[in-house]
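Enquirer: Single-letter residue listing:
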Amino acid sequence: MAESKGVMACIEVSEGKLAAIATEILGCGRKLADDLGQELSAVLVGSGISNLVQEAIAFGADKVYVVDDPLLQDYQTDSYVSVMEKVVKQAMPQILILGQTTTGRDLAPKLAFRLETAVSLDCLELAIDPDSKRLLQTKPVYGGNAYAISTTECNPQIVTVRVKAMTPLELDASRQGEVITIDAGLDPSVIRTKVLEKVKEEIEGVKLEDATVIVSGGRGIGSADGFKQLEELAKILKGAVGASRPPCDNDWVATGLQVGLTGKIVTPDLYIAVALSGSSQHMSGCSGSKTIVAINKDPEANIVKRARFAVVGDWRKVIPSFTSKVKELLAG
Amino acid sequence: MNIVVCVKQVIDPEAPPASFKIDATSNKVVPPAGVPPIIDPYAEYAIEAALRIKDALGGKITAISLGINQLRDVIKKPLSMGTDELVLLEDEAFAEGDSWSTAYALAMAIKKIGDYDLILCGREASDWNAGQVGSGIAEILGLPSVTLAQKIDITDGKARVERVTADGYEVVEILLPALITVSNELGEPRYPTIKGIMAAKKKEPIIWKPADIGVDPAQVGAAGRRTKTLKLYQPVHEGEVEVIEGETAEEAAANLALKLREAKIL
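If you're matching them up, the sequences are chains A and B in order.
Its first residue numbered 1, the first sequence is counted upward by one per residue in my numbering.
Its first residue numbered 1001, the second sequence is counted upward by one per residue in my numbering.
None of these hints come from the bench; they were simulated from the model.
Predicted model only: the values in this text are computed from it and were never measured.
Take every hint as true, because none was put in to throw you off.
Which residues of chain A face chain B? A partial, calculated answer using Cβ under 10 Å:
#1 Tyr-142
#2 Ser-277
#3 Arg-306
#4 Pro-320
Glycine included, each C-beta is placed from N, C-alpha and C at the ideal position.
Please model the complete structure; the sequences and the hints are all you need to start from.
Expert: Dropping the structure here:
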């Protein structure tokens, strides 16, 4: 059997363009490939996606494998696993990176078990061990209370990386690369599922998962009315409102706003946590935020320890003053 | 409908963060004193999904759990919620596994249970957050799978599954037998009833050892791992926080806004 070599990024397309996560995994894949002194390839799987090859190269790929087939229009586990199995067996990468998206988190494990190798999902850091040259895979566990670094002897070493955890390269249109077209060769009978319908849920304002700013409230907010003040602040910051579990359990806000282990996992640039203690279950949903700001009357609250900035005080006093100052700063 | 649901006993993720400790020499989490373990919250959604199907169509639900030191009062919760049987893969040989060895042992046990139409798992477990045992079981058993279900309807040997996506959901039809992982969007799991708790007290779990499911102990647990945990550690957060001061709470709040502006966060 040929030796496994090189880093491969399985990149996703969103509305006819490379998804942001695709450029992020190309960025981290490039670094790993350079550390190994090997090449970075990208895989584009879909229907009518061949036009994105140059973009994948411009974001760092040395080589792009393209599998373009009408049967690959929708993501379906069976068809994508089968195609990726074929690509991996042909290209023999030693590392395969996917995004931790609805597609990646479904595809990566099933592909790993098909290829009889191991996978780590939701990695925040990837590095090459200087001695063993194996991939060090760092991921949050116990809802973000701990991080685990793991490694495997199996190839390819498959990982998914969390959205926004990696930095893309600057687009360089002058980069050159090789394109390899692979025939999907799909037998439709291997596809044991059918996508009947795709439903987009209309959400007023900004969606939690997309928000760059989130103002989240906890038990201390005390009522549905209290959340109106958080909504006002969120609106000024062009952000979204979130909540820990108690406000959802008490119907102060919709269940869909819950951030946490059993709610949404969010990664905004700014997470303003108001009157919430920062339980592990909540932190697991927001620990990927770039900057956490805590507003809490208890200086010992876990959220204060986890924050970059904190104001210790009653939110009823803090929020109105903070909101008006923010308004003033943004206007000026 | 015969349904198998995979469940797991975990350290309570709602335990106070200060009680979370790691033993650095063994790379393991020290169970917090005074906080009993619970059934993994994600697995409870899978149990709830199974119960809803049974409510609609009848049938039998078998819960299965792999692990050692499983407290009977805790691990019997699926029974008290309404499942019919509980199978425990309880043996030192099953312990300290990774997703691969765990999925393999569960798949072999499910094969032994046989006669299933549907296998349900939580979308991940709240301890290792690996999120791959469900898909692994499906692949080992050669079954189709759908992950992240928020609703499951069964008709004519097929399941119609609402699968959570980034901006809503998609409706996927899948042929049975199949494996489906269930997400929290399904809605709150039911509480055990008094009747359920009484029934669970009388019911004894079925215990299987490696030989019972026809596996070599070298393929399961620690011996069957494909990954190695090099380090488990708590990220350091202490000392990073800057508490913004002010004469009054209002002033501190205004200073916070200025600080965020200065740091180019606003």
